[in-house]
Each structure stands twice: as structure tokens, then as C-alpha cells.
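J.: Sequence:
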Amino acid sequence: MMKTTKIFGSMVMTAVLAMGTMTGCGDSSQKTVSTDGSTSMEKVIGYLSEAYMDKNSDVKVTYNPTGSGAGIQAVQGGRCDIGLASRNLKDEEKADLNETVVAIDGIAVIVNPENPVSDLTVEQIAQVYTGEVTNWQEVGGDDAPIVCIGREAASGTRDGFESIIGTADNCKYAQELTSTGDVVQTVSSNPNAIGYASLASVSDQVQTISVEGIMPSDETILNGDYKIQRNFVLVTKKDKELTGSAKDFFDFCMSSQADEYITKAGAVPVAK
Numbered sequence: 008m009m010k011t012t013k014i015f016g017s018m019v020m021t022a023v024l025a026m027g028t029m030t031g032c033g034d035s036s037q038k039t040v041s042t043d044g045s046t047s048m049e050k051v052i053g054y055l056s057e058a059y060m061d062k063n064s065d066v067k068v069t070y071n072p073t074g075s076g077a078g079i080q081a082v083q084g085g086r087c088d089i090g091l092a093s094r095n096l097k098d099e100e101k102a103d104l105n106e107t108v109v110a111i112d113g114i115a116v117i118v119n120p121e122n123p124v125s126d127l128t129v130e131q132i133a134q135v136y137t138g139e140v141t142n143w144q145e146v147g148g149d150d151a152p153i154v155c156i157g158r159e160a161a162s163g164t165r166d167g168f169e170s171i172i173g174t175a176d177n178c179k180y181a182q183e184l185t186s187t188g189d190v191v192q193t194v195s196s197n198p199n200a201i202g203y204a205s206l207a208s209v210s211d212q213v214q215t216i217s218v219e220g221i222m223p224s225d226e227t228i229l230n231g232d233y234k235i236q237r238n239f240v241l242v243t244k245k246d247k248e249l250t251g252s253a254k255d256f257f258d259f260c261m262s263s264q265a266d267e268y269i270t271k272a273g274a275v276p277v278a279k
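Numbering-wise, our numbering puts 269 at position 262 of the sequence shown, and it's gapless, one number per residue.
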């Protein structure tokens, strides 16, 4: 009888622990908001997440910097709450996904600080990246070969850049890198390099050049004078509405409260 009692007690304890574990998992999922995607949005999502968690200490917002394409796929596959894309969704992606523009970003054209070239036209940039122009001397620089640095094929920054300058699938890259930070670092270490990066991610390691006489800034991006710009997008599933903390975080990102943090991150808030 004692043996039976012990076995029964052990079974009850195991069941209680299992229920406790299941409850804990439920609480954890409700208090964690997962984001995945664009590396160009790192600063924007970082500032927004930090501000939100300061006000909601029981919530953890996570960020997986996989690139826009991978972030979109993560939403489609149910592996994250909110995808991050530094481009608008394609028509086929809109079939089951929603896009919401959270900010506008200028794509800065960057060169090494030693490079004397300070301005290029959109046409010249296109000619450089398609290989029609191969020497800096042809665009007012030194007699040196141009080394084109860019992002990998799935990058939202690359998609936006190539679409705007009209060179989709025709660019000739010396290097295709997997993050915005890598592009900035590579250009900073090569006097002959040219690259493109989210304005929010550009540092004083490189020189941002003007495009047709216009430097990227909040004002020139918002009024459209700066030609090379794209949207920062929050991606969600159409057939699965956000709930709980995920919805609350999304709403915070789209509220006027978020504007100051988007600005701090170097992007331009959209009109609320």
C-alpha cells in the first residue's frame, strides 16, 4: 500500500511540474515579442525596443538580424511576430502579408574618406555599378579603379538601391556582403571603394557623397529631394492578427511616441 501511495504521489508531482512548465512557456510567449529581418533597421528597431521595454519591464523584444528576405520568410513561416524589411513587399508577398511603413530611410552612397569625389548623379552611379564606368578619373576623381561594394541578393537595401537607380540584376560587384556594417567597414578600408548603406548606419569612417547636389537628411528625404530613399517596413501575416505584447509593441512603433526614437536612430518618421 505504501509503495502504491508513493507511486501515485510521484505521478501527481510529475503532472504538477508539467503543468507548471507549460504555464511558464505560455507566460514566456506572451511576454516576448520577436522581430526578424533587415540589418539596416538595426538602429531603428533597437531604439524602439529599448524605449518600449523601459516602459514595459515585463516584456522582452528580440531582434534577429537576418536580412529583409529572411525576415519576410520568417513571418510567413510563423517563426517571428514581426518581420523587418528595408523595402516594400513584392506583389506575390502581399498575398498573405501586410506591410506597414514605420519610417523612411535614405540610402547613402559612400566612399572612402580619401576619395576626392563628393557628388555623383544617379546616372553616374548607375554607370559605375553596371561597369560602364570603371575608373574614378571618369567621374572627377583620381586615376584609380573603382571597386563596387554592395549587399547580397536578398538584401532590402540592395533591392531598393538597384530599383531606384535602374540597375536591377545588372550590377557588377567586387564584393557582396551580408550586412550594412560590413559594407561600411569595407569601404572605410579601401581608398578605391564605393558602397551604399542605410543613412542610419553610416559612421564617420566613410564619406557620404551628395547625389545630384543633394545630401541625404531628414528634410531632403521627407520632401523627396534626395533621390535614393526607401521605406522601412513592419511585416505581419494577414491571416493571423497580432495579440498581446506583440500588438502593443507594434502599436507603439506606429504611434507619435515613437517619432523621437526613430529620429535618434537616423531615420525619418512617417506622418502619423
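Take the hints with a grain of salt, since some may be wrong.
To be verified - Here are the simulated lysine to aspartate or glutamate pairs, EDC-like style, with alpha carbons at most 20 Å apart:
| hint | residue 1 | residue 2 |
| --- | --- | --- |
| 1 | Lys234 | Glu99 |
| 2 | Lys245 | Glu130 |
| 3 | Lys62 | Asp246 |
| 4 | Lys97 | Asp258 |
| 5 | Lys234 | Asp65 |
| 6 | Lys254 | Glu139 |
| 7 | Lys67 | Asp246 |
| 8 | Lys244 | Glu99 |
| 9 | Lys254 | Glu57 |
| 10 | Lys254 | Asp65 |
| 11 | Lys179 | Glu139 |
| 12 | Lys179 | Glu145 |
| 13 | Lys50 | Asp246 |
| 14 | Lys271 | Glu139 |
| 15 | Lys247 | Asp266 |
| 16 | Lys245 | Asp232 |
| 17 | Lys97 | Asp189 |
| 18 | Lys67 | Asp258 |
| 19 | Lys38 | Asp255 |
| 20 | Lys245 | Glu145 |
| 21 | Lys97 | Asp246 |
| 22 | Lys244 | Asp232 |
| 23 | Lys50 | Asp189 |
Said to hold, decoys possible - Computed Cβ-Cβ distance ranges for the label pairs, DEER-style:
| hint | residue 1 | residue 2 | range |
| --- | --- | --- | --- |
| 24 | Ser262 | Asn230 | 21 to 27 Å |
| 25 | Ser217 | Thr250 | 43 to 49 Å |
| 26 | Asp225 | Asn71 | 14 to 20 Å |
| 27 | Lys245 | Ser217 | 36 to 42 Å |
| 28 | Ala175 | Pro152 | 32 to 38 Å |
| 29 | Lys247 | Thr137 | 40 to 46 Å |
| 30 | Thr128 | Gly188 | 26 to 32 Å |
| 31 | Lys62 | Asp149 | 32 to 38 Å |
| 32 | Asp103 | Glu145 | 17 to 23 Å |
| 33 | Asp103 | Ser262 | 31 to 37 Å |
| 34 | Glu145 | Ser170 | 34 to 40 Å |
| 35 | Gln182 | Thr39 | 31 to 37 Å |
| 36 | Asp246 | Gly147 | 36 to 42 Å |
| 37 | Ser196 | Gly251 | 42 to 48 Å |
In case anyone wonders, no lab produced these hints; they're calculated from the structure. Bear in mind that the values here come from a model prediction, so they are computed numbers and not experimental data. A virtual CB, placed ideally from N, CA and C, is assigned to each residue, including glycine.
J.: Let me make sure I understand: some of the numbered hints might not hold for this structure. Which ones are they, in numerical order?
T.: 1, 2, 3, 4, 5, 6, 7, 13, 14, 15, 16, 17, 20, 22, 26, 28, 31, 32, 33, 34 and 36
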